[in-house]
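Below, each chain spelled out in residue letters.
Protein chains: 2
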Amino acid sequence: MQKDILKSTLVIITILMFSCQNNENKESSNNLEDYAKFVDPMIGTAKMGHTYPGATVPFGSVQLSPDTDTIPYAVNGRYNPDVYKYCAGYQYEDSTIVGFSHTHFSGTGHSDLGDFLIMPTTGDLKLNPGTQANPDSGYRSRFSHKNEQASPGYYSVLLDDYNIKAEMTATTRVGMHQYTFNKNEKTHIILDLMSGIYNYDDKNVWTFVRVENDTLVTGYRQTNGWARTRRVYFAMSFNKPIINYGRARYDKQPYNGFWGRFNQSENFPEIAGEKIRMYFDFDLKKEEKLQIKFALSPVSSKGALANMKKETPNWNFEEVHKNAKLAWNKELNKIQIKSDDTEEKTNFYTAMYHAFLGPTEYMDTDNNYTGLDMNTHQAENFTNYTSFSLWDTYRALHPLFNILQPERNSDMIASMIAHQEQSVHAMLPIWSHYANENWCMIGYHSVSVIADAIVKGNTNFNTDKALDACVQTARTRYFDGIRYYMDMGYVPEDKNGASVSKTLEYAYDDWAIAQAAKKLGKEAIYNEFIERSKNYKNVFDAKSGFMRPKLSDGSFKENFDPLNTHGQGFIEGNSWNYSLYVPHDPTGMIKLMGGNERFTTYLDSLFTMELPDKYFEHTEDISREGIIGNYVHGNEPSHHVAYLYNWTNTPWKSQDKIRMILDEKYKTGADGLSGNDDFGQMSAWYIFSSLGFYPVAPGSVDYALGSPSISNAVINLDNGNTFQITAKNQSAKNVYVEKVELNGKVLKRPFITHDVLMSGGNLIFYMSEKPNLKLYK
Amino acid sequence: MQKDILKSTLVIITILMFSCQNNENKESSNNLEDYAKFVDPMIGTAKMGHTYPGATVPFGSVQLSPDTDTIPYAVNGRYNPDVYKYCAGYQYEDSTIVGFSHTHFSGTGHSDLGDFLIMPTTGDLKLNPGTQANPDSGYRSRFSHKNEQASPGYYSVLLDDYNIKAEMTATTRVGMHQYTFNKNEKTHIILDLMSGIYNYDDKNVWTFVRVENDTLVTGYRQTNGWARTRRVYFAMSFNKPIINYGRARYDKQPYNGFWGRFNQSENFPEIAGEKIRMYFDFDLKKEEKLQIKFALSPVSSKGALANMKKETPNWNFEEVHKNAKLAWNKELNKIQIKSDDTEEKTNFYTAMYHAFLGPTEYMDTDNNYTGLDMNTHQAENFTNYTSFSLWDTYRALHPLFNILQPERNSDMIASMIAHQEQSVHAMLPIWSHYANENWCMIGYHSVSVIADAIVKGNTNFNTDKALDACVQTARTRYFDGIRYYMDMGYVPEDKNGASVSKTLEYAYDDWAIAQAAKKLGKEAIYNEFIERSKNYKNVFDAKSGFMRPKLSDGSFKENFDPLNTHGQGFIEGNSWNYSLYVPHDPTGMIKLMGGNERFTTYLDSLFTMELPDKYFEHTEDISREGIIGNYVHGNEPSHHVAYLYNWTNTPWKSQDKIRMILDEKYKTGADGLSGNDDFGQMSAWYIFSSLGFYPVAPGSVDYALGSPSISNAVINLDNGNTFQITAKNQSAKNVYVEKVELNGKVLKRPFITHDVLMSGGNLIFYMSEKPNLKLYK
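Chains as they are written, first to last, in the UniProt record's numbering: chain A, 1 to 777; chain B, 1 to 777.
Hints are computed from structural coordinates only; laboratory data are not their basis.
In the DSSO-like style, the derived pairs of lysine-lysine whose C-alpha atoms are separated by at most 27 angstroms in a straight line are:
{"hint": "1", "chain 1": "B", "residue 1": "K252", "chain 2": "A", "residue 2": "K275"}
{"hint": "2", "chain 1": "B", "residue 1": "K667", "chain 2": "B", "residue 2": "K85"}
{"hint": "3", "chain 1": "B", "residue 1": "K338", "chain 2": "B", "residue 2": "K665"}
{"hint": "4", "chain 1": "A", "residue 1": "K591", "chain 2": "A", "residue 2": "K518"}
{"hint": "5", "chain 1": "B", "residue 1": "K774", "chain 2": "B", "residue 2": "K739"}
{"hint": "6", "chain 1": "A", "residue 1": "K667", "chain 2": "A", "residue 2": "K146"}
{"hint": "7", "chain 1": "B", "residue 1": "K146", "chain 2": "B", "residue 2": "K37"}
{"hint": "8", "chain 1": "A", "residue 1": "K165", "chain 2": "A", "residue 2": "K186"}
{"hint": "9", "chain 1": "A", "residue 1": "K275", "chain 2": "B", "residue 2": "K275"}
{"hint": "10", "chain 1": "A", "residue 1": "K252", "chain 2": "B", "residue 2": "K85"}
{"hint": "11", "chain 1": "A", "residue 1": "K322", "chain 2": "A", "residue 2": "K334"}
{"hint": "12", "chain 1": "A", "residue 1": "K252", "chain 2": "B", "residue 2": "K275"}
{"hint": "13", "chain 1": "A", "residue 1": "K518", "chain 2": "A", "residue 2": "K537"}
{"hint": "14", "chain 1": "A", "residue 1": "K186", "chain 2": "A", "residue 2": "K286"}
{"hint": "15", "chain 1": "A", "residue 1": "K322", "chain 2": "A", "residue 2": "K37"}
{"hint": "16", "chain 1": "A", "residue 1": "K126", "chain 2": "A", "residue 2": "K186"}
{"hint": "17", "chain 1": "B", "residue 1": "K252", "chain 2": "A", "residue 2": "K85"}
{"hint": "18", "chain 1": "A", "residue 1": "K252", "chain 2": "B", "residue 2": "K252"}
Chain A extracted, bound-state conformation:
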């Protein structure tokens, strides 16, 4: 009893403290909590998180961020494995910064972008970036993390070699730089138009630049990389006049013709070629600030200039920064958690931040954008998005958007439908960015995103078109083994590699299409695809107890090793993990795998067995940091796995696994992420799981319950409702759920549904140190 009083007192004190803190945190004008201050953009910048620390706004087109190296994709024609570290341009361990470029993917496992690298320098002009080993050989500069600051919408660093303070902020389409020069030396801005991320020798296809006047430069760059035909247009404006400028070319110039009449190297305003670096000189006094507005457009330099004028009409760095921070706080306030654990808040709000970095807006302020057909299109009644890392993000990120970003998610689907209409394959995106399909990874998971939205009623898009697009995509016979899958019920390994992964993922995707069809009353489509969704059974080998590659003659592959990630019919995973990939029918899968008990043992083994390095050491997306036993959290295929105990009679085993993963795989610090953040998917897993639920099968309205790590959270829904989650008796030890109450009623199954959540309400977990073996019964 006394104990209870003590506890109550503590609660009151905590609430009072929290209120105080709130007042302190409020963004005065908007009544928002300042959660931005808990966001640490450095998380994930070390090792393989592949996040970037630079300045951007939520879903912004511009990601203005430092690149610490720009090593080539290949050396002497051979892939350079070190390039993988630089998917986002920045590696925490590095000691030099090459410059600040305007486009970055967050957390991807392959890459592109890094457009328009800007570097301020002083003294003798160097146009070569130099090397980390010998920074003085080029324009790059040493820096140290102690002089670095990163927060939502803002990044700054001191460039030691030049004693220049570099600051950056952004709007959706404009990156704003501010450089404070602390020397009385000649000052240069380098614009390196050859620099890029995943930079092949011949990646630069064409560069076109015009120095329009002494403060304005426009142009575009076309690259042939992950995206084959990618053009990014820009307009760059300075707040001080250029006093001198020039360019160097590093390409062959097959024809120079009548251009020989000019000295094109200096102060010649028309610049074009494959490989170009430029410099702009300024006459600045010590401590004077040089500002640059750098606007992007997918359409034209005219579009970029219009974007600049609309989004940054003034030379007010602080205002742009303030607005960027405000934009972030608006998004971050969609979930308000209460915690006196700063690390928890940091992890949570950084996850929220990472989850809202993409897909990114991809259109001008006049709604024009470039489509897959390279024609200019106008987005009618939607915002066009790009950079769909769908093999990752269909799992939890888009389901999270259906809760927190319903309007954007609908627009993303409208963008996918537009993509499908423009696609010469008439296919929905697989992995698309910047008006290009890069075909990365497997499946056709757009259909999952679409089905999830349809089933959940978040459909501010043409649902008939959407379903047609799904069906059309799933019937594209020439795509990645689909002809075999359609004809034989599985992808035969001798016809098409990674055949089991493909069969399993197609089967899930087909189930998703069936769910959408059912919701829309399209019976024939439902029947076709619900039938296809059972195809997962065709690759199950009862003898070995694993999903196993099957050949076109119907026999299973010999010499099968379910532990090995390589050459076993799977992609970025082994059979041990991938055999569990039947998110749409765990019950059927459990039956197939020998029933409840055998299945539970299988899961237990997965989390506890030893997986030697050799089984995954050349799989870039899997690293030791992301592994627990043989369970791979650092990559996506198993993200639903910890929740599968819910389908057995041991849901408490999900609870401790989830808490273990939350605890071990998400940490603060630059090396806090255990694998690629994958454009927010890893973060979305964290957000869902830390709140106590997870969308095991997008396309279903059910969320599986786990074990929340957060004690108190309020989800502020766009529809005005709030959904409150409380974990009573929460502690690091109390990872088991004793009881769950939804709106005051005890839950008898380990699920809540989407409509319950969106209606607002109260979910209370009662936590305990010990598992409740009778929970949900």
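For this one, chain A is given, so just place chain B on it according to the hints.
For chain B alone, kept in the frame of chain A given last:
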């Protein structure tokens, strides 16, 4: 007397015959004479005429024409002089055709284009063009001229190797092909996206193609050639379904990534890369006709498709051909000549045809076009044109347009003003094509074209903007020695080569600006530029009697050879010819050169002296065929020279020279032209001179009179007036003018003015075997 009766009878018979012929010639529906049948597009296709024989409409964007070879611009990094023969893709002496491409310059002395080469083949697929020496090594075919037909808007040839009859016609933006296959073999259409004119190794920057469905292909090609950043978009439609297709790539593919998942070589609808050839297979019966519509756009493939739908809604080759022919006859009827000399009619109407081949329309049917800034612009209230070969065409072609094509000429100027507004240099075009300035040749002769139109009152464009653009251009200090010219009154040879040619041409251009300023009442501009126009005097060396290169210290160049074309301060001409380049002030020039008598002797010598080959043998634009004595007619700088006697007291010496040039330098037959036709300038000289007058100084309203070779011509002016020219007592011997009557009054000076011409009227030359020494006195 009897003789006279005989003559009268002959005249009557001739008139009767002519009337008969007229009826036969009439295009039934339009009351037009069928002058198209006199046009021989083969004229100029041999040697250095650089014309093309293919199908096009007047000023059409598409020039669909056979390319007989596509040899590289450079071999082992060194310029291949043979490439010069192929400026228009076709050489009459060749025995093979590589294929039919869609864009060609007419008569230029440097080149580009040759986009989208199509070749029909049968049998085994060959994707390599092969060589002339060994045609069987590739897809090219042998042909012979006896199976070839070329007429305005139509070209056909039998491709011997495949027994395919190839026919082509065109609208403004669409080339239409018709292939009749005479074998029962597998049939292919090759689309060679690497082929081009003046093809450097790395000219192809990017190619993007989509096979949209089984009859439609779209895409674009970007090249880096004479135009540095040139993209041409296309849409290609077949009248039969493609049954199979594929592509081969000849470029390095730095990154193939996830594309490895597909067989991209066959039936894969998305094609992109630097160097690509494609094939399309069809299932055709013997004698079946395969038709292709190939539409171009400067903006987008969407634009190309819209152009196709608008201009060729049906699959009716004959109708397109009929319309093309009609369009030509409408233009050709602007001057109706009467002659029973078929050769004369052939020369005259072929000259008219060549004069109306360019500049070419450069915008979509929705008036959108790509500007110099690579942005999409809309032509508001004008038709946008491109391909301005101004160093050539300012002389006589644009003046001819002010008479025959006033609306188009005004629109061409509107296009030049738009160019100037888009130019990062804020300069009017020098030699511009396809949204690029190629800077070919010297001067800033746009100002001449503009001034000529302003002075002649043909100003359906903003004259204030136009004059500002002229002034801005002429003051561009960093352009080609202008800073010296402005500061020192001449271009010093030690600072900038071809300095005399530049000084002389700038001086003329400046005079033209002054004339425009005067007409518009801008006194300050007039004063500035009339002063500059006297600069020609600064490079006259009284000692040698020649225009001579001056150095920056004010001394004349030593070791001066006025005969040599090379390294003497001139471009494409020697001092003997170029010293006469003061078209705006012949009187001042004559005075400078020692007065009437010495000047007349100078001119006489020019036409009679011997010029050894060594003085011009490496000057591509000058060949023996174009020379009379030391007078070079085959290139432009002397085009006004034969008329200069008009400023002496021996105008009759102009008359016989002009008739000699008309007779010797313009012939029928493929080798009929004595030099590059230069986008119609050579032809315009012929048209003017054969009618008896010539615009010595565009920007003046005066036309100098010569000696007409045509006996009877009617100019049908757009304003409804007609101007009739009659040469009485005309014959090959009667080259001298006895008397000239304008509207019944004897002319006392060897000039008529533009307004007189445009008012309609009657100009009668009385011809004689002997010079009238008292003419015009």
